[in-house]
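Numbering (full-length UniProt numbering), first residue to last: 1 to 191.
The hints are simulated quantities; they were obtained by calculation from the structure and are not laboratory data.
Errors might be hidden in some of the hints.
[Stated by the list, open to error] Below, a list of computed lysine-lysine pairs in the DSBU-like style, where the Cα atoms sit at most 35 angstroms apart:
1) K174 x K102
2) K141 x K151
3) K122 x K105
4) K105 x K174
5) K151 x K122
6) K136 x K157
Remember, it's a predicted structure, so these values are computed and weren't measured experimentally.
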Amino acid sequence: MPTSSRANASAQPPPPVKKRGRSPMRKRPATATGHRDKEVRSVWDEIDLSKSLPLAKTRGGAGYVRPTVQPQPGHLELSFLRAADQIDTRRALVENSPYQQKLAKLRLERLRVEEEYLLQLKRESELERIRGPKPKWYESKGPEFHYECNKNTALHKNRDNWSDTMDYRNHLLKSSREFTMNMRGPVPVPR
């Protein structure tokens with residue numbers, strides 16, 4: 001059996017591994033793994049797996065039939081419907097209360113606002129990604145110079161798609177303005 005994960009193309013056994021000798025100064029502690037291995041082996045020797053795990057006798061591929069349990073014709077459907085009816089009845093007592101309905105509406109509203117906020121963050125990051133370099137970017141120093149230089153390089157690489165990029169940018173700006181106007185407006189108070 002090969003010891004490495006690579007396939008053994010020559011089908012030759014791997015070379016023998018030389019074991020290092022231990023120095024006389026270094027001694028193995030009393031709780032070494034060798035003692036535990038003997039205990040584990042003795043435990044596994046005592047277990048007879050053939051008694052605990054019944055093995056199925058193999059037959060020819062064409063003669064195998066998978067055993068199935070045949071329930072009574074209407075029993076399964078009735079038990080399923082009874083269980084579903086009990087769950088719905090319990091749920092209806094709680095969910096139909098005005099408090100639960102109001103709470104559900106508030107949760108949905110909160111999720112909607114969170115979704116709009118996350119979309120706004122994505123729009124802002126996308127606007128930053130597609131923007132061109134700042135004016136006089138070449139006068140900046142440090143990491144800002146390299147950042148703006150990369151923006152300038154990307155601008156020159158994508159000048160063939162400039163009109164599409166500008167349309168995309170305008171669409172993002174419009175959506176961003178709409179979000180800002182919606183968030184500045186009065187928040188409706190639930191009644």
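Check each numbered hint against the structure and report the violated ones by number, ascending.
none
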